[in-house]
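Visitor: Just need the whole structure built from these sequences, with the hints factored in.
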Amino acid sequence: MSETELARELKTTLGATALEIRQPSRNNIFVTVRPEDVPAAAQTVWDGMKSRFAIVTGIDVPGGIELLYHFVFDDKHTIVTLKTLVAKPFPEIESITPVIPAAEWIEREVHDLLGVTFRHHPRPERLILADDWPEGVYPLRKEFKPKDPNE
Amino acid sequence: MSHRTLIPIGPYHPLQEEAEFFQLYVEGETVVDMDVRISYNHRGIEKLCESKTFDQVPFAVERVCGICSASHPLAYVQAVEAIVGVPVPERALYLRTIVNELERIHSHMLWLGLAGHFIGYNTVFMWAWRYREPILDLLELVTGSRINYANVKVGGVRMDMNKEQLAAVQKGMDEVKGPVEMLTKAVLDDPVLHVRLKGVGVLSKDDARNYACAGPTARGSGIPFDVRRHDPYAAYDRVDWDVIVREEGDVFAKAVVRCLETLESIKMVKQAAQEIPDGPIDAEYREIPEGEACGHVEAPRGETFHYVRSDGSSYPYRHKIRAPSYVNVPSFKATCIGQSITDVCLTLAAVDPCYSCTERMAVVVDAASRKKILNFEDLVRLSQEKTRKLLRDFKG
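Residue numbers (my numbering), protein chains in the order written: chain H, 1 to 151; chain W, 1 to 396.
It is worth saying that the hints were derived from the structure and are not from the lab.
Note that CB positions come from ideal geometry on N, CA and C, so glycine has one too.
Warning: the hint list may mix true and false statements.
[To be verified] What follows is a list of derived Cβ distance ranges for each label pair:
1. W/GLY199 / H/PRO149: 42 to 52 Å
2. H/ALA40 / W/PRO224: 26 to 36 Å
3. W/ARG146 / H/GLY136: 21 to 31 Å
4. H/ALA16 / W/GLN274: 47 to 57 Å
5. W/SER313 / H/GLU92: 25 to 35 Å
Guide: Structure, rendered in structure tokens:
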């Protein structure tokens with residue numbers, strides 16, 4: 001796929017922060033960044049480049065927990081995803097909620113389901129899991145196998 | 001110092017079908033703070049999808065929500081189509097448009113009816129739901145089911161519509177147009193509704209952006225984004241329609257947006273049914289390669305966002321779903337604080353919160369005694385009383 005105008009713009013704006021920029025399909029751009037660069041890069045893409053925050057996806061991969069921050073550029077018909085990897089066993093990253101208020105719920109959710117700690121989150125409480133759910137059990141991790149209710 | 005009272009609404013209340021919990025902190029009649037607790041009924045669909053094949057996932061995700069059961073599978077399917085790179089035949093794009101717009105019409109009318117009930121206009125409730133019913137019949141006619149249509153698949157759709165069905169859809173649109181126009185006029189022209197809904201639950205443009213609100217909630221606050229226009233899918237770039245935007249951000253603006261959008265949807269369905277080209281309804285593809293992509297669709301409540309990653313096997317490695325209420329509900333913090341308790345019910349209802357989207361409850365409790373003093377029924381009653389009072393004042 002040929003490089004679009006937005007991919008070039010991201011390259012210039014993010015500079016050395018962007019380790020890799022890929023556009024595998026027409027409306028999807030993936031930008032790989034270091035975990036420590038996420039808050040600044042998110043601010044640049046959301047506030048500086050005036051995109052719309054969509055959501056964060058957490059994925060349990062062999063090397064750790066991958067975090068994908070999705071932003072939508074409505075005028076350019078494109079979804080830009082900032083991609084980073086935080087290492088297990090204690091995945092940790094700076095919260096983007098102080099920059100983007102809409103991330104409050106999803107960061108709490110990613111913490112509940114995948115065990116990522118978001119530093120300086122304004123309200124690091126449970127969102128999805130019940131109050132009596134055991135500590136340290138993360139249901140979206142690959143090693144978690146749900147109990148068969150018929151057993 | 002004024003006395004602060006905690007008003008819980010939920011987790012279970014008789015009017016809504018599922019559990020969520022709003023805690024309102026009130027001083028006198030003014031809400032000073034609020035808190036939302038969700039996930040009383042989390043179903044773990046994202047985890048479930050990892051154990052379904054790519055072909056089975058649409059059936060699982062259309063059960064995210066019965067009302068949005070065309071939007072969720074379409075968003076997922078578009079993400080997978082981006083990974084595979086399969087072009088979808090023209091006829092399938094039109095068929096997708098018809099089903100998705102019929103869904104929007106019935107969803108907006110459902111909301112209008114409920115909103116009418118919340119303010120004590122039960123005639124609106126009866127009318128809106130009476131005219132919504134034929135739309136569900138049409139959906140059953142063209143897909144075989146009132147909800148959970150099982151219609152969309154990677155590369156196209158499962159079922160074609162024949163000439164008679166398309167004619168029935170067009171006739172249905174002609175029949176529903178008059179009543180929807182009448183309801184829209186009734187909302188726009190009613191002086192009591194103006195007084196009751198204007199300036200209530202205002203969501204500013206900045207707050208709408210900060211909370212990343214979507215759909216009619218954002219468009220009622222002057223943010224003109226609509227996925228159908230800004231990342232056109234299905235046949236939305238081939239039919240003629242307008243994005244409805246209002247600047248005010250209050251409950252009235254959201255109601256107007258939904259009413260006018262319903263008319264746009266009627267227009268779109270009619271055009272799509274008239275202009276649909278002949279041809280195949282699905283495209284073949286061999287396998288789903290390794291890859292990742294996002295797909296998004298304008299559901300009735302706003303953008304539904306799906307991310308899919310494939311590792312080359314038959315099962316998605318990860319499937320993330322973000323439903324529209326997940327970003328619309330947190331905006332209550334911006335809209336409810338400073339409101340009178342009689343307006344909260346309406347403000348909460350104005351974003352058309354969907355339990356399936358987020359699932360969440362609320363009750364009013366005396367802070368000192370912990371006794372419940374108001375429940376959701378009481379809040380609805382208070383809201384209806386306020387309308388009646390306005391009505392009396394207006395007549396008097």
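Visitor: All the hints need checking, so say for each whether the structure fits it.
Guide: We went through each hint and held it up to the structure:
Our hint of 42 to 52 Å for W/GLY199 and H/PRO149 holds, since their Cβ atoms are close to 50 Å apart. The hinted window of 26 to 36 Å between H/ALA40 and W/PRO224 holds, with their beta carbons roughly 29 Å apart. Taking 21 to 31 Å as the suggested C-beta distance range, the pair W/ARG146 and H/GLY136 does not conform, at roughly 44 Å. Distance hint check for H/ALA16 and W/GLN274: the Cβ-Cβ separation is about 54 Å, which falls inside the suggested range of 47 to 57 Å.
Between W/SER313 and H/GLU92, the C-beta spacing of about 30 Å keeps the proposed range 25 to 35 Å intact.
The structure shown violates just one earlier hint, number 3.
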